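2 protein chains.
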Amino acid sequence: MQSAVDGAQRVGIELGKRRYDIVIGRGLLDDPLAFDNLPRSKSAAIITNTTVSPLYAQRLMHVLARHHQESLLVELPDGESHKDWASLNLIFDSLLAAGADRRTVVYALGGGVVGDIAGLAAACYMRGVPYVQVPTTLLAQVDSSVGGKTAINHSLGKNMIGAFYQPARVVADLDTLDSLPQREIGAGLAEVIKYGPIADNDFLDWVEANIAALLARDKTALGHAVRRACEIKAWVVGQDERESGLRAILNFGHTFGHAIEAGLGYGRWLHGEAVGCGMVMAADLSVRLGLIDGNYAARLRRIISASGLPTRAPGLGNERYLELMRVDKKAEGGEIRFVLIESPGRAVVRAVPDALIREVIAAHSG
Amino acid sequence: MQSAVDGAQRVGIELGKRRYDIVIGRGLLDDPLAFDNLPRSKSAAIITNTTVSPLYAQRLMHVLARHHQESLLVELPDGESHKDWASLNLIFDSLLAAGADRRTVVYALGGGVVGDIAGLAAACYMRGVPYVQVPTTLLAQVDSSVGGKTAINHSLGKNMIGAFYQPARVVADLDTLDSLPQREIGAGLAEVIKYGPIADNDFLDWVEANIAALLARDKTALGHAVRRACEIKAWVVGQDERESGLRAILNFGHTFGHAIEAGLGYGRWLHGEAVGCGMVMAADLSVRLGLIDGNYAARLRRIISASGLPTRAPGLGNERYLELMRVDKKAEGGEIRFVLIESPGRAVVRAVPDALIREVIAAHSG
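Protein chains in written order, with my numbering: chain C, 187 to 552; chain F, 187 to 552.
One thing to keep in mind: the hints can contain errors.
No copy labels: a pair is met if it fits in one copy or bridges any two.
In silico EDC-like cross-links for lysine to aspartate or glutamate, where the CA-CA straight-line distance does not exceed 20 Å [what the hints assert, rightly or not]:
# : residue 1 : residue 2
1 : K405      : E394
2 : K203      : D426
3 : K405      : D364
4 : K228      : E256
5 : K203      : E427
No lab work stands behind these hints: they were computed from the structure. The model shown is predicted, which means the values in this text are computed figures rather than measured ones.
With the hints as constraints, model all of the structure from the sequences given.
See the structure below:
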């Protein structure tokens, strides 16, 4: 008899004592093997949201029954606009009220917002408890659940309050992608596309050739995309866990993207939508700096557009964009720094003069 | 000419890439040498409270002028009752409004409450910025500023939300102890006394012989006490940074102590007062378990009493004490675990039956 986990793939994040596996495959939510060798304890806390909970929480509780005698379910309100202190504190209140201790294992069941908040809660509850990411969106499976970045938003900036805190495992069940609205498939593809120009141009070729299969949620195509994205992210994070250098390249498109999200109010555009449009702008900035030619930027724009993503930014005004980007975490001493494409498949982080940034905003927004 | 830092002593906390020095001496707030080789950046943020700020903030800003072009001053309300999310968020609001970036250095100027909140703010602001502890109370100089434990309180438990996050330096200026109310000298001595029974009985002999000089703020005596306390703490933390074992012994007296603080409402008793009384109770528990004899517990009680500390706990009721202690971070699976004195100068962590705990509470409270 075939186990459901047969065909599942594992990608390791090599961080010494903090190393862990990403398990990618179908049917994993029901497969004990996907959760093998994880910490066992009296209690577990499953952090999810009101949308995901009715779909998957019972199945996760069932598969975890042999690890924990009791499972606490914490349902957060859904959406980026709730990635805030109120949601974080709801988790703390629930954990303390239920008597969770330092051995309690936190499971983050949902998309990037749930994963980021639950990860930060795990990092800070009693100064740190183990946690497992169970991402149920494409964006979370290819990016946010991997690498230990956790955060909540502040009204003055996205992801401003957070911690680097690695999970004990990431379990990416491809079948959960079936429940996603189409808009979120496109948003996830933005983060898939990202890995090509910054690290692996062959992967960009593959994505371009398979964009229709990916949008149609072909599981073989999605499995390959998730695995390759995680491999690249693992390679980057393994070298620079706390983003003192190389890791910043994973933020390609994010400086413009965060400004779009914050400027419109969190949740208006999905994070992946903002990043997609941000990549179009950052690629144009790379062209204007003479790093890549216009054809490459145009091709990238076509792939982003073919994923159903917006490629024109909202008109917030030049100065508002600059103001929003000056609080970006990559900014230093008031200078805005961007991830740029140095050559196809290779990124660089560089401060850019305000005048050039204004040109790009003017050309791509409004 | 003698530098003011002459005679200053350094104790190293050996944590590999996170190693740092504790500098102990007089006049350090005005001495650039105490702050040598620390990160320089455009901006600094000095986190303090409304009591400490008028005494020392200007001097700290002055000595830091060569490290940072601008200093942001954030004044928190004073007291343990403000060791909460509101104070933490006040820091985040101030840092973001001032455009602080990932190179901004945070200085915690004050006692244990300021140090714990500012340390957590540094741990989480943009996922971590460097910070320096400048403790101005005896309790902070001998304990809370050293070792990287940061936290805020939750209404359901003390220090429940926090992080392990090491400072880049601890600068303990003994002259700042002159501005302390006498009650806080006693509270600080509780944490000094603690190190004897758990790790160095000769040091307990020394404290006993010098209690009058310490209470009179004799700088030679205080200097020795701070240095020896930091040496012991450095030895413990160097072996177990994240409290997976040995480090828990530093919580001698804290399980009962935290229950007293939480039960009365934070701020009614000073932390050190609660710990002093908690040590009397934990020593009695050790006697009842047959670990040490009654004479040693009685002697410890006399030293605590001679420091001006209360040795009788408030009457909260047996069951309320048990309830409060069950959320202690050392508790596991509902069992309350205590730091006990195994023999003079040696501690052990052990779960204790509720019946015995009730006996100790009944004998020492009300």
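(request) Measure nothing new, just compare the shortest in-copy and cross-copy C-alpha distances for K203 and D426 to 20 Å and report within, between, both or neither. (result) both (15 Å within a copy, 14 Å between copies)
(request) Could you figure out if K228 and E256 sit no more than 20 Å apart (CA to CA) within one copy, between two copies, both or neither? (result) within (6 Å within a copy, 50 Å between copies)
(request) Please work out whether the CA atoms of K405 and E394 approach to 20 Å or closer within one copy, between two copies, in both situations, or in neither? (result) within (17 Å within a copy, 72 Å between copies)
(request) Please work out whether the CA atoms of K203 and E427 approach to 20 Å or closer within one copy, between two copies, in both situations, or in neither? (result) both (13 Å within a copy, 14 Å between copies)
(request) Using 20 Å as the alpha carbon limit, work out where K405 and D364 are close: within a copy, between copies, both or neither. (result) Answer is within; shortest intra-copy Cα gap is 10 Å, inter-copy 70 Å.
Hint check: no violations occur; every hint is consistent with the structure.
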